[in-house]
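Participant: Chains as they are written, first to last, in the numbering used here: chain A, 1 to 436; chain B, 1 to 436.
Since the list can't tell identical chains apart, any single copy or any two copies may satisfy a pair.
Each computed EDC-like pair below joins lysine to aspartate or glutamate, with the alpha-carbon atoms no more than 20 Å apart: (1) K260 <-> E360; (2) K371 <-> E267; (3) K109 <-> D82; (4) K109 <-> D45; (5) K388 <-> E97; (6) K317 <-> E97; (7) K394 <-> E97; (8) K72 <-> E53; (9) K225 <-> E266; (10) K51 <-> E71; (11) K109 <-> D30.
Source of the hints: derived by calculation from the structure; they are not laboratory data. Being a predicted model, the structure only gives us computed values, none of them experimental.
Number of protein chains: 2
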Amino acid sequence: MSENIVKPSILPGFMELTPSDQILFNRMLDIIRKNYEKFGFLPIDTPIIEKSEVLLAKGGGETEKQIYRFEKGDTDMALRFDLTVPLARYVAQHFSELTFPFRRYQIGKVYRGERNQKGRFREFYQCDIDIIGNGTLDIINDAEIPSIIYSTFKDLGFDSFTIKINNRKILMGFFQWLNIDDLTLVLRAIDKLDKIGVTGVEKELKSIGLEEENIEKIKEFIKIKGSNVEIIESLKMLEIRNEIFEEGLNELALVNKYIKLFGVPEENYKIDLTIARGLDYYTGTVYETFLNDYPSIGSICSGGRYDNLATYYTKQKLPGVGISIGLTRLFYQLMEANIIKAMENSLTKVLIIPMENYIEKAVEAATILRKEGINTQIYIEDSKVGKKFNYADKLNIPYVIVIGQEEVESNNYSFRNMSTGEQRIIVMEEILSCLK
Amino acid sequence: MSENIVKPSILPGFMELTPSDQILFNRMLDIIRKNYEKFGFLPIDTPIIEKSEVLLAKGGGETEKQIYRFEKGDTDMALRFDLTVPLARYVAQHFSELTFPFRRYQIGKVYRGERNQKGRFREFYQCDIDIIGNGTLDIINDAEIPSIIYSTFKDLGFDSFTIKINNRKILMGFFQWLNIDDLTLVLRAIDKLDKIGVTGVEKELKSIGLEEENIEKIKEFIKIKGSNVEIIESLKMLEIRNEIFEEGLNELALVNKYIKLFGVPEENYKIDLTIARGLDYYTGTVYETFLNDYPSIGSICSGGRYDNLATYYTKQKLPGVGISIGLTRLFYQLMEANIIKAMENSLTKVLIIPMENYIEKAVEAATILRKEGINTQIYIEDSKVGKKFNYADKLNIPYVIVIGQEEVESNNYSFRNMSTGEQRIIVMEEILSCLK
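Bound conformation, chain A alone (with noise of 0.2 Å):
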């Protein structure tokens, strides 16, 4: 027996579940997952340590400065803080080995040594598809990516909610129109429409050094309303003559054509002009999806076009779409606006109670019910029946089966529904047809 012993905790930033919200967390998993794979979409799996040279070949910035990078002997090696570097490294790695266009989810934990905050998560999961394309990818992809995030939150239980669509070359080839060069400072304001209005986006341009001129007419843009239809023919009305814009707003009308097609109601999706997404990545189409109940969530899955994924690691031109949910951020955010509950979890169907000396009896039950895929635990620790329901109501099992003399004589079950507290006296196949 050790004298010496350390208190039992882990990391802050790190992410802990018991187990009834983990399984609530696996099975949001799972359907993530589930989803994936109904788009045809293939599984991969990197490992989470890399080499620092290829985890940093793009470098600087917050990356760098949030990675966990070590060395072991004279290797220096890295974390992986997103799954999206490791694609294209896969990608660039097993070019020949794979069959484009490429579909590929991936769902793994990412790490990234951020300032410690409420909320903020230093290990965390991210569920990522990415369509790659050989040289050139249809634009038709960026209208399937909406149906996928449809799909998979209405599976996940929400009904209200809006992904949001945008297309960068929109921004890019209407700033190019109006001459301004550093769309940093611009498109920084913009995002901030929502939360200090027309007025603020005005005053902070104004602040920038923008001419008059200029406001003028990014205020009249911002200003678009409408339904989508309605927000593509307001673009078309600007007369921006710019090519870039114009390839822009090709695609973000055949994009808005084909979502609904792909089965997206038009209540779950909105295009809106203020939505960039990071400034050197994305290269098109956008996404940002928002709960419509809970706006102060932020995005919850979120994505885009880009136009070559590994230009640092090969010369072939890979052209891309994807999207993000970050699970582990988006799980926690739930759980504290209690959106969702662990309260009645349980994977475990059946606990199998049986009284003393009829431990056997209850071993050949629970064969039968595991053999029927029915998940089933026995309670074989020696104690007071009081306590073996006890143990089947903390863990939130539904079924109880009690065996004792009387069962045993008669080859008949004790099955106790736990929520009704219904108990019927009944043989092994009744209960089977209950459970299935």
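Chain B: place on chain A using the hints.
Facilitator: Just chain B now, with coordinates in the frame of chain A:
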């Protein structure tokens, strides 16, 4: 376009699969998980990074050398090297929130910076179950474990495997009775029985310096053969008067009796008195599992009973019993030995191939199929029909739906079975009933 291209590669000792191999791997993971759940185990998911002082509380030995340990800021952290230490920490930390006996499963990656050699991995999946008692844990739990191993490997497609069972107390009591104090070398010699035979073991025991009399008794002991019941009878007839030995023998007899009741066929388990499993961790029943036709693969599922899970983190006495499947290594070995093949793996059931201009109809069809839960992909890209069929072939997608003018006009679909080559023009209802 970047001119500096980093060679895309991963670190040595890490496994990365093609998508079709990954499908097979994931299927095995799913089967394992399903079986663990069938026996009433609850999921937990602990962080991959933990505090070094926690992971290394026990300290010493190989573990410390192999661990991936690093600092970020002032924090000394490390990657978990197994799932047992995190379980011990988890149970100690969350003791008051858990319901005992606590049956948990965990499937996740662990990290060991082992010397680089074929078939050894530095990142690998462990699939663990453990049953943890609060203070005590009935011996019948030890008899249930083999039924979980049996059910799991049956579902994985194996028939000819043997779960070897022993009880450490029998070994410990036996050697205590022989007044042999240092078991390490003796057990190591006995462990080689299969490879070097009785005379080989005898030689080795002599070289250690064991007395003739003891060597004779050990030979008598390891020569014990026969059915499980016969082995137990032979052990009784040794008439060893030692409390630990007798306790072990009683436990083994009980386990042997209950294993049968748990539905494990006689041919799939075998008492083997030479199984010892490590030296300081297990204290009672021990398990190893072998594929009869591939003994060189070694044990594919091992574990045992321990007196106290979490001595380093709590004063609570937490006896347990558990097993682990090291799936990464097992998968590698099975592939190498051609026991499993990833030939015809597809998660996607249908590829829809629209002729030019019929993409809309294809999108509609895909939406119908997906609503019915059928994994479906559309070949959206513009390319030759032959290439599209080739795509289905390469990805082993079993069915193809072709949509062209004729199909649209007659409101039918050309439905092709890719393995038989049979193609019929039928309505959607027929397709759906074919696919279900």
